[in-house]
Structure formats: structure tokens, C-alpha cells
Amino acid sequence: MTAVLLSVLLAAQPRLLEPEVAAGVGVLATSYQTFGARLGEAALAPTVTARGVFSGFVVEGGALLSAPLVRGGTLLTTTFAARVGFSGERWAMVAGVVAQLAPEATPALVLLPSLRGQLSFGGAGLTLGVFDHLGLVPAHLSVDVGPFSNGAFSLGWVAPLGLIGSADLSLPRGLGLRVTAFAYRLNNVEAAMVLVAGTFGGAR
Amino acid sequence: MRCAVLWVLVLLGCQPRAGLDEVGAEVGALGRGLPRGFLWGTATSSHQIEGGLDNSWTEFEAGAFPDGRPHIRNEDRSTVATDSWNRFDEDLAAMQQLGATTYRFSVEWSRLEPRKGEWNDAAMERYRDWCLKLRAAGIEPMVTLHHFSLPRWVSDAGGFENPAIVDDLERFTRRVAKNLERQVDLWVTLNEPNVYAVQGYLAGVFPPGKKDDTVTQTKVIAMMLRAHAKMAAALRAVDDVDADGDGFATRVLVAHHVRTFQPATPSALDTAIAGLTDDYANEAIPRALKTGRVLLSVPGAITIDEQVEGLAGSVDLLGLNYYTRDMVRADLGSASLSQLTSRKGRAVNDLGWELYPDGLHGFLTRFAAYGWPMVVTENGLADRSGRLRTPFLVQHVTAIERAIRDGADVRGYAHWSLMDNFEWAEGYDAQFGLFTIEETTLRRLPTESVAPFRAIGANIPR
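Chains as they are written, first to last, in my numbering: chain A, 1 to 204; chain B, 1 to 462.
These are computed hints drawn from the structure, not numbers from a lab.
Just so you know, these numbers come straight off a predicted model, no measurement behind them.
A portion of the hints provided could be inaccurate.
Cβ-Cβ distance ranges computed for the label pairs, FRET-style [claimed, not checked]: (1) A:150 to B:346: 40 to 50 Å; (2) A:141 to B:164: 48 to 58 Å; (3) B:461 to A:63: 53 to 63 Å; (4) A:107 to B:152: 32 to 42 Å.
Simulated coverage check for chain A against chain B, where a stretch passes if three residues somewhere in it have a Cβ under 8 Å from a Cβ of chain B [stated by the list, open to error]: (5) 104-110; (6) 180-188.
C-beta: ideal position from N, C-alpha, C; glycine also.
Given only the sequences and the hints, what does the whole structure look like? Please build it.
The structure is reproduced here in C-alpha cells:
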């Protein structure tokens, strides 16, 4: 029975997740008390992510450097993420860990679980993430639309109060452009990011 | 809407507004942006200045932590403190030198009621005399009824862990109000309930010295709010004398300690813990005072959700004690779920607290939404060198003026402190005073900040 199941799962077939490399740069901001606050919490955030898919088994890795743009910003932080999982044709699940290293903070290293699950219903789908996007988004539930011939997009809710969206634009030779943005609020603390990345490989 | 604004700012490239810490130290016209009748003065507390006390703190001062370290830095004891019990005239002269129009001080419960039901009328008379002298000097007394210290008979019975304290404090309040009603209109029931609970039950550096007990800490804050509700009702019932003819016989405040909590990193967890910490420490108390609902939560430990009779509408003004900003780093292994640090590369006071005047502007504009007029009931810094105090003062008063321009109704400012004094667990090392105390003679000696303080006060419209 197990062998049959494995053979079905591992058979060469289209996968929801495909190998991909993405690199980009974002502007990340946290805000406190909003209107009265300085926007001194903005940080520049170069990121790189990579995904390999081997007979359905998925390995993902990523790194983000958050460097404050102005004096008094959030601390310099380096984030690494590693997740493994599996992708079928209409579903995928990856789970792993996000390690956030901020040498000036105590504790310097914080580890977070990270999870992302996706379901596809043809031209649309759902994505559930916990500490997804390199640990920057607490939890989100998104609706994915596409892929179309020239790209895809998604829009979702970030817990407890916020939005996340992304748009993928397909370019020739397997290249693509992805814009991801989110903003959320918890009590009087807010965070937001806009990330523009170039991609190579299976976009979604 | 606010998220949308933040988005726009992000998209515009995050141009930061010049911070208030970039304001210089020149007084200039500072003060003219404050409203007519703005209260301008200083704050102290009985245990820190009076001397000769016997209460929960004097007992704690003699003790040590399990690892042998003394409870108080350098094994300092409050003992004679600044001897203000016997030198009030010198304190008053210092206030006059500052051009002050208000003085926030506390009456010492352990002195007035050393044993349950046993009252020290002579001590009460002395406090009344102080108030008379203040009034005669044109200085509005602002009297705090509880400022961290407890009589031993109260602390021995469990302090704010024992519900009996609610009625005991109500009785004490009635007694004090009856005796001072002709001189006092401004009453602060409690000083910094959140600090009392956190320092006493989480950090363990205030009496009763318990550590990592967030459950009792949270129950203590709730108990303090219950006590406040009854104290406020007692004040309004007893003090019906308008001492200064301004139309108000009694105006009740809580001196609420606020602290800017920001995520140390952009991590979602740091952001989430900062949001929870801010709600617990900063928002829960004003929310309770407005709605009567005490809603306090430490995830995984305790949640209190209770409607307290008489709490809604129990304050007429909101007092804010503001000092600094902390960066919040998630640490799920600690009782508070976080570690707090100061920003690197920023100016700090002698205790390592970041000097962050924008935070005061932020809180004044934020809490304006509750609709109360506000008084800055404490604001100051430990600065042995004296070099930081004047720019600190100028920057924070500028923050108040900007907050007023932005719609906040701010009615007063009490600098912490009139003079160097016994700074709790920090002993005598932390020097917060506009006046220093000469060690041998206890004379009050003006710092360089006295003149700028007076100059700002002189600019306030009369």
C-alpha cells in the first residue's frame, strides 16, 4: 500500500511548486503609535530565496538582511530560513525553521517555526502561511489567482489585521518579476513591506 | 486607514521627519506654546525624600537577593533621604527659584497610619502646613496618595495581593481628603500601578521582591485598579471644597507610566510581542479607566477580563509618567516573553535609558483620543554630569508643545525631580534632580538646568 502511494506521489507529473530562484530588495518598515511616530523604523531588505523540487520533495532556503535606513532604526538583522516539504499537482506543504540573528539584541538568535500550505483548484488557489516570507508575516491566508500566460497574483488577509498581496509578471526565458507587499497591525504596532524581486524558474 | 498611510510612506521612500532629539538646548520662546494656566513644576515622593520612615521599602532595603547582591545598589538605604520632612522650607525655596506653579508630592501612609486605625495627627498637620505654604507661594499642590511604599501592617498582610487593601486605602483616602480638602484639588490616587507590579513581581527589584510571577503581577494591577476606583469615589465624596476657586473641588488622576515599546527587529514575532507588551503596559490602564473593563493578558499565563464598579470615569485628568523607549526582542523562555534593550548609538541617561522625546509626543497624541486633559506627572533623567538635562528638558517641552498643536489637551508638567533623592533600587547613584544635595549638609544646590527651567516657566502665558 505504502509503495503504491509513494509511486503515485513521486511519479513524474506537473507540480504546484517548481524549482525557482528569486533575488530582490525590499523596503521594510515598522511603526509605533502610527501618526505620531517618526518613520525612523524603515529598513532596506535585500533577499534571496531558492527552491528545489526533486520528485515532489521540496527544499526551500532563503536569506534576508534588514539594514536600518536611518539612525535609530530597527536593529541590523540577518534572517535565514530552511523548509522542506512535498508538492503534488494541486497541493503543497513546506515546513521548517526561520533563524533571526540580531547581534545587538538579547537574545541574539531567535528561532521560529515556519509553515506554508497551498491548494490549487485550477485557475485559483489558497495559501496558508505561518511565519511565512522569512518570518516577516505572522499568519496569512491568501487567494491565489493564475497562473495566466503572463503571470499570476494573490491577495490575502494577515492576522490579526492586515493585507498581503503579490503579483508575478512573466518575462522571456524563464525570467519573471515579482512584487510582494504586506502591511499588518497588532495593537499599536504596525509593520509593512514592499519587495521587488527578479525570479528565474517556476514562479509559483 | 493607518495601514494605508504607512503604505504610502513606505512607497514614498520612508523619508524620516526630523526627530525631537535634534532640537537644541536653547530655551528661546519655548513655553509660549503652552496654554494659559499650564501647571509647571516638579515631582517627588515621600519615601524618596522625607527620611525617617519605617515601611515596606525600609524593610526591603535591608535585604539581599538569593545570590547575595544587596537589594539596593551600593547597599544604600533611604534613611534620612533628603530630610525633606524637616526641610520643607528649603524645598519650597527651591521650587520658588524654579518659578514653579505646581508641586506633586506624596503623603506617606506609613507615617499617617503607622498601625491600622492609629492615626498620626501631627504628621497630617505638617502635610496641611506644607499645602498652605505652597498655596501661599502660588504653587498648586498635587497630592499622591500611594507612591510605591506601604505601611508594614499592610505589606505584612500581603499588600495588593490581599483584597483588604482596597477598603484600607479607601479609609486612608477619606482621612487625608478630609484633612487637606481646603488646600488640595488635584489628587493622584496611585503612582504607576504597572511599574509597581512589574518591578515587584516580575523583576523582583521592588518589594515584595518576587520574580517571574506574571500571574500575581497581573492580579496586583487589577487590585490596584479596584482600589483606585474606591479611592476616586472617596475623594469626590469627601473633598467638596474648591481650594483655588477654579470651579473644581476635586480632580482625580492616576500617574500612569508609559514607555515606548518598539520591535527590536522586523521579525513578526518581535512585532507581535511588542504589540502585546504595549497593550499590557501602556494601553490596558487608560482603557480600564475609560471603560471600567480591566482586560489584562499574559499569553499562556493569565487573562483577567473584569468590569470594575466605579472605575469608568474615575479620573478627570490622565497623568503620564514618561522617560524612555525600549526595544522588544522576543524571548519565549522568559516570563515576560521578551527582553528589553535600548537602541545602540543613541543618547542614554546614567541608567542606560534612551533619551527619546518623540515618544512623549506620541503618547500625548495617542491618548488624546480618550478625551481627557492630560498632565505629564513625571519626566526627567538620571544625569550626574548635568550636561544632558537642559537639552532633555527643552526637547520634551517641545514635544508637549507639538502635541498640543496636534490636538492634545495637556495641562501641566512636573519634572522628575525637584532634587536628587533615593531612587529606589538604584539607591543614591541615579541623580534625577534639578537641585543636587550636598552630601554633608543636605543643602539644595541648583544645577545648571534651574535657569532654563525657570525661563521656560516664565514664557508660559499667564
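Structure-based check of each hint:
1. A:150 to B:346: 40 to 50 Å: holds, 48 Å
2. A:141 to B:164: 48 to 58 Å: Given about 50 Å between the Cβ atoms, the range holds.
3. B:461 to A:63: 53 to 63 Å: holds, 57 Å
4. A:107 to B:152: 32 to 42 Å: holds, 40 Å
5. 104-110: holds (count 5)
6. 180-188: Result for this restraint: holds, n = 7.
The structure meets every hint from the earlier list without exception.
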